[in-house]
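To convert, note that position 63 of the sequence shown is 62 in numbering that gives the first Met the number 0; the numbers rise steadily by one, no gaps.
Rather than coming from a laboratory, the hints here were simulated on the basis of the structure. The reader is advised that the hints may include incorrect statements.
[Claimed, not checked] Using 27 Å as the maximum straight-line C-alpha spacing, the simulated DSSO-like pairs for lysine-lysine come out as follows:
id	residue 1	residue 2
1	K614	K561
2	K51	K9
3	K431	K353
4	K550	K561
5	K318	K520
6	K520	K459
7	K417	K353
8	K353	K365
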Amino acid sequence: MIPFLKEERKRTMLFLLLSFVSLIVSLLPIGRRLPADPAWIAVVLCGVPIVKGAAVGLITEFDIKADVLVSIALVASIAIGETFAAGEVAFIMAVGAYLEERTVSKARAGIEKLVHLSPATARRVAGGEESIIPAEQVRPGDILRVLAGETIAADGVITSGQTSIDQSVMTGESLPVDKSEGDGVSSGTVNQFGTFEMAAEKVGEDSSIQRMIQLVKSADAGKAKIVGIADRWATWIVVAALSTALLTWIFTGQIIRSVTILVVFCPCALVLATPTAIMAGIGNASGYGILVRQGDALERLAQVRRIAFDKTGTLTFGKPAVVRAESCEPAVTPETLLETAASAELRSEHPLGKAIVACYRQKNGKLPPQPEEFRLFAGRGVCSKISGNEVLAGNEALLAEHGIGLPEQSRQSAEQAKARGCTVIYLAVDRKAAGWIALADTLRPEAAETVGAIHRLGVKTVLLTGDAAPAADQIARTAGIADRRAGCLPEDKLTAIRTYESGGEPVCIVGDGINDAPALKTARVGVAMGGIGSDIAIEAADIVLVSDNMKEIPHLLQLSRKTMTTIRTNLTAAMTLNVIATILAILGILNPVVGALVHNAGSVAVIFNSSLLLKWKDRKERDQARP
0 MIPFLKEERK
10 RTMLFLLLSF
20 VSLIVSLLPI
30 GRRLPADPAW
40 IAVVLCGVPI
50 VKGAAVGLIT
60 EFDIKADVLV
70 SIALVASIAI
80 GETFAAGEVA
90 FIMAVGAYLE
100 ERTVSKARAG
110 IEKLVHLSPA
120 TARRVAGGEE
130 SIIPAEQVRP
140 GDILRVLAGE
150 TIAADGVITS
160 GQTSIDQSVM
170 TGESLPVDKS
180 EGDGVSSGTV
190 NQFGTFEMAA
200 EKVGEDSSIQ
210 RMIQLVKSAD
220 AGKAKIVGIA
230 DRWATWIVVA
240 ALSTALLTWI
250 FTGQIIRSVT
260 ILVVFCPCAL
270 VLATPTAIMA
280 GIGNASGYGI
290 LVRQGDALER
300 LAQVRRIAFD
310 KTGTLTFGKP
320 AVVRAESCEP
330 AVTPETLLET
340 AASAELRSEH
350 PLGKAIVACY
360 RQKNGKLPPQ
370 PEEFRLFAGR
380 GVCSKISGNE
390 VLAGNEALLA
400 EHGIGLPEQS
410 RQSAEQAKAR
420 GCTVIYLAVD
430 RKAAGWIALA
440 DTLRPEAAET
450 VGAIHRLGVK
460 TVLLTGDAAP
470 AADQIARTAG
480 IADRRAGCLP
490 EDKLTAIRTY
500 ESGGEPVCIV
510 GDGINDAPAL
520 KTARVGVAMG
530 GIGSDIAIEA
540 ADIVLVSDNM
550 KEIPHLLQLS
560 RKTMTTIRTN
570 LTAAMTLNVI
580 ATILAILGIL
590 NPVVGALVHN
600 AGSVAVIFNS
610 SLLLKWKDRK
620 ERDQARP
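Given only the sequences and the hints, what does the whole structure look like? Please build it.
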């Protein structure tokens with residue numbers, strides 16, 4: 000029995016059960032034959048904690064909240080001999096608190112589905128031998144072996160082997176992702192099959208899983224500004240309730256009416272209305288790969304009239320990719336040109352060279368042929384020997400050094416690609432121009448659809464980027480954003496945000512980089528890309544897109560509005576019920592017992608209404624879910 004009582008949830012359920020039984024017995028004839036009213040059990044088990052909490056708040060902080068009025072109602076009911084009414088009030092208040100806690104627990108449970116606990120152990124390979132060590136002992140540079148079905152203990156890069164990774168804990172996507180040598184893997188994700196080895200890079204608190212766990216811990220509905228408003232109302236309601244009860248007693252001379260007023264006037268539903276809705280909204284967002292770090296973020300997001308997007312890493316993937324390959328010789332296909340460039344860049348550590356190799360591997364499922372020789376020209380490019388041919392790959396300066404010029408037509412088309420914001424790599428084979436390859440940061444496939452959905456919700460968009468105007472224009476045009484500002488330094492983004500907000504357009508900014516941190520902190524709401532975003536950006540943001548999935552932003556906007564609608568509905572219903580019940584109590588129609596039932600039923604209804612947010616979907620989602 001004792002171990003059972005040590006668990007708070009089980010102890011609460013036991014106390015509620017005993018209190019309920021005692022109230023039932025109190026109503027039965029057998030209850031009247033007992034030495035004491037069984038309702039005292041409910042008073043002690045459910046009422047004493049309420050009175051104790053109210054007393055501590057008054058004495059230590061002079062904090063007048065709803066529990067003060069509830070305590071007064073309990074004491075007054077007992078004073079006039081209405082033990083059952085006191086027990087009923089205490090019981091229903093305890094039920095309301097339990098239901099609130101259950102709502103909060105469900106919300107947090109939904110959040111924690113994003114971040115399973117890190118594995119307790121890892122397989123470290125050193126000197127050809129494998130040893131199992133505690134996960135916290137993994138260090139950067141360690142070679143880890145991961146077997147099928149095991150959870151990855153650190154962020155890192157696969158050094159040998161191929162596999163498929165279940166990344167649902169981080170991204171929410173149910174389909175596994177194929178991984179091979181050179182691919183990055185995240186802690187907390189699960190190896191689906193086979194065995195691979197990886198080099199650990201980010202471990203401990205720096206790992207993805209631990210970062211997400213810390214973000215979960217920071218999600219707190221108690222920070223919502225509107226909760227503070229409800230608390231201030233509760234304080235005034237306590238004063239109003241005492242005044243109304245006293246005046247009723249003076250004018251009617253019936254103390255039972257005054258006690259009933261105290262019972263029905265308790266602002267329990269009013270106080271519960273907001274935090275339950277906020278937490279349920281946070282729980283709903285978590286199911287879509289969204290971490291709401293600040294409770295009041297949902298309140299502020301509902302006010303937003305413009306969303307500002309960063310470009311690199313937000314609207315785009317933040318990595319260069321091959322967008323075009325053009326040969327100078329009609330007989331040489333773009334595919335052949337790409338293979339030549341990939342072979343030449345295979346040993347290069349330059350990001351553009353790596354991007355060319357990655358593109359070839361993605362298209363062909365294998366690495367390009369190994370070069371026989373390789374030389375690096377710092378700041379200009381590379382020179383490789385492939386099948387006995389000398390291949391140059393680099394900028395115009397590299398070709399000029401070797402006396403190589405492009406045909407006019409190829410040069411003009413390359414300049415056009417540059418004007419669109421592309422970076423161009425020129426190629427020459429055996430001192431003769433072969434063609435060029437254009438690379439650019441590519442738009443996320445869901446970007447245009449997301450921007451369109453935002454516009455349909457009546458919210459404007461703007462692109463704020465530090466990139467040059469040609470690249471900004473190309474991305475903005477493709478994404479469907481009419482307003483753009485290029486060449487923005489961090490202070491320029493702040494100026495733009497303040498300009499919009501001073502013009503009556505509260506701004507939400509979506510970014511990922513360190514340079515976005517000031518704007519994320521300044522804007523009405525800051526949303527960070529959690530997957531590739533910097534730690535500083537994530538810490539500065541109110542909301543984190545764990546999966547980097549932009550298409551969830553429209554859902555987030557609608558959810559914020561739905562949450563505020565739920566809060567307003569809860570507050571209106573709670574205040575309306577309080578007024579009606581108070582009038583009935585003044586007229587003597589309600590007694591303390593019935594008044595407690597009516598009033599606290601309102602609290603339960605408010606909590607139930609808030610809990611509906613946990614599974615809320617917008618109309619489009621509901622239509623798609625139908626068979």
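TODO: For the pair supplied as a hint, K550 and K561, confirm whether the alpha-carbon distance does not exceed 27 Å.
DONE: holds (18 Å)
Task: 27 Å limit on alpha-carbon distance, applied to hinted pair K353 and K365 - done: holds (14 Å)
Task: Hinted pair K417 and K353, Cα distance within 27 Å - done: Holds, at roughly 20 Å.
Open item on the list: Checking one constraint from the list: CA of K51 to CA of K9, max 27 Å. Satisfied?
Closed with: The hint holds at about 21 Å.
Open item on the list: For K614 and K561, compute the direct alpha-carbon distance and say whether it is at most 27 Å.
Closed with: holds (12 Å)
Open item on the list: Check whether the Cα positions of K318 and K520 lie no farther apart than 27 Å.
Closed with: holds (25 Å)
Open item on the list: Next pair to validate is K431 with K353; report whether the Cα-Cα distance is within 27 Å.
Closed with: holds (24 Å)
Open item on the list: Run the distance test for K520 versus K459: straight-line Cα separation, threshold 27 Å.
Closed with: Judged against 27 Å, a Cα distance of about 20 Å means the pair holds.
In summary, this structure violates none of the numbered hints.
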